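Each chain, letter by letter, is given below.
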Amino acid sequence: AQKVTQAQTEISVVEKEDVTLDCVYETRDTTYYLFWYKQPPSGELVFLIRRNSFDEQNEISGRYSWNFQKSTSSFNFTITASQVVDSAVYFCALSEARTGNQFYFGTGTSLTVIP
Amino acid sequence: DAGVTQSPTHLIKTRGQQVTLRCSPISGHKSVSWYQQVLGQGPQFIFQYYEKEERGRGNFPDRFSARQFPNYSSELNVNALLLGDSALYLCASSLFSDSSYEQYFGPGTRLTVT
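If you read the protein sequences in the order shown, they are chains A and B.
Per the working numbering, the first sequence starts with residue 1, numbered consecutively.
Per the working numbering, the second sequence starts with residue 1, numbered consecutively.
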């Protein structure tokens with residue numbers, strides 16, 4: 001079974017629009033961690049954020065914000081006032097306490113920001 | 001500080017051949033993981049090594065093997081290459097092997113099997 005689902009395969013927005021990338025996860029562990037990574041065309045995955053299962057506070061970092069809701073097993077990522085440099089593939093990932101540092105990645109959402 | 005480095009950048013092999021990919025973690029990081037990323041998909045976990053010991057193994061055949069050296073660098077070996085092994089192979093390092101630590105990824109090795 002897929003542990004991390006990113007239902008949006010591709011999204012296109014016009015520059016300065018806001019965009020939300022969805023992530024739904026599945027785990028039986030009570031202790032787990034959620035991550036978002038950005039993969040630009042160069043291919044290197046860039047770490048964006050980590051949340052643990054006990055901290056449901058939303059987080060904002062500049063134009064980026066994350067909404068973690070355990071009730072719906074979701075960890076969504078919003079980019080405000082999108083820019084062309086935000087164009088990339090974004091991956092959501094899950095790690096579980098029982099399997100250590102093994103990450104389960106979603107299939108990614110390809111974001112294109114049109115100038 | 002240098003990030004995770006991988007070599008080679010690109011590689012073309014023929015079916016049936018063997019390949020070795022190399023990875024150097026961020027200085028001070030003791031855990032190295034390997035992932036396979038097929039075009040259009042998310043990375044799939046292959047192995048994790050911590051302090052030279054295998055700590056996790058994904059659902060890959062025995063043709064895939066790895067090891068970690070005393071300096072924490074790592075090698076991934078793939079024997080009897082198949083066309084389906086064509087992918088981007090990513091190495092990631094983290095401070096420790098615990099699930100709470102983020103992983104930092106290298107640029108990857110793009111393997112093409114013909």
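Just so you know, these hints were derived from the structure itself, not from any lab.
Note that this is a predicted model, so its numbers are computed, not measured.
Among the hints, erroneous ones may be present.
What the hints assert, rightly or not - With a straight-line cut-off of 25 angstroms between C-alpha atoms, the simulated SDA-like cross-links for lysine to any residue are:
no. : chain 1 : residue 1 : chain 2 : residue 2
1   : A       : Lys-70    : B       : Lys-30
2   : A       : Lys-3     : B       : Arg-22
3   : A       : Lys-3     : B       : Gln-41
4   : A       : Lys-38    : B       : Lys-30
5   : A       : Lys-38    : B       : Arg-22
6   : A       : Lys-38    : B       : Arg-63
7   : A       : Lys-70    : A       : Ile-60
8   : B       : Lys-30    : A       : Ile-60
As the list claims (entries may be wrong) - Computed footprint of chain A on chain B, listed as stretches where at least three residues anywhere in the stretch have a Cβ under 8 angstroms from a Cβ of chain A:
no. : segment
9   : 14–25
10  : 28–42
11  : 59–72
12  : 82–95
C-beta: ideal position from N, C-alpha, C; glycine also.
Here's how the hints hold up against the structure:
1. The hinted pair formed by Lys-70 (chain A) and Lys-30 (chain B) fails the criterion: a straight-line CA distance of about 31 angstroms is larger than 25 angstroms.
2. Of the supplied pair hints, the one linking Lys-3 (chain A) and Arg-22 (chain B) is violated, its CA atoms being roughly 29 angstroms apart against a limit of 25 angstroms.
3. For the hint linking Lys-3 (chain A) to Gln-41 (chain B), the alpha-carbon distance of about 14 angstroms falls within 25 angstroms, and the restraint holds.
4. This hinted pair checks out: Lys-38 (chain A) and Lys-30 (chain B) have alpha carbons roughly 23 angstroms apart, not beyond 25 angstroms.
5. With a C-alpha separation of about 23 angstroms, the suggested pairing of Lys-38 (chain A) with Arg-22 (chain B) holds against the 25 angstroms cut-off.
6. With a C-alpha separation of about 30 angstroms, the suggested pair Lys-38 (chain A) and Arg-63 (chain B) falls outside the 25 angstroms cut-off, and the hint is violated.
7. Distance check on the hinted pair: Lys-70 (chain A) and Ile-60 (chain A) sit about 18 angstroms apart at the alpha-carbon level, within 25 angstroms; holds.
8. Between Lys-30 (chain B) and Ile-60 (chain A), the direct Cα distance comes to roughly 30 angstroms. Violation of the 25 angstroms bound is thereby established for this hinted pair.
9. Only residues whose C-beta sits within less than 8 angstroms of a C-beta in chain A count toward coverage, and the segment 14–25 of chain B has 0 of them, not enough to reach three; the restraint is violated.
10. For the segment 28–42 of chain B, the stated coverage by chain A is satisfied: 6 residues place a CB nearer than 8 angstroms to a CB of that chain, which reaches the threshold of 3.
11. Remark: the segment 59–72 of chain B is not confirmed as covered by chain A, as 0 of its residues place a Cβ nearer than 8 angstroms to a Cβ of that chain, below the required three.
12. Only residues whose C-beta sits within less than 8 angstroms of a C-beta in chain A count toward coverage, and the segment 82–95 of chain B has 4 of them, enough to reach three; the restraint holds.
Going through the hint list in order, the structure does not satisfy hints 1, 2, 6, 8, 9, 11.
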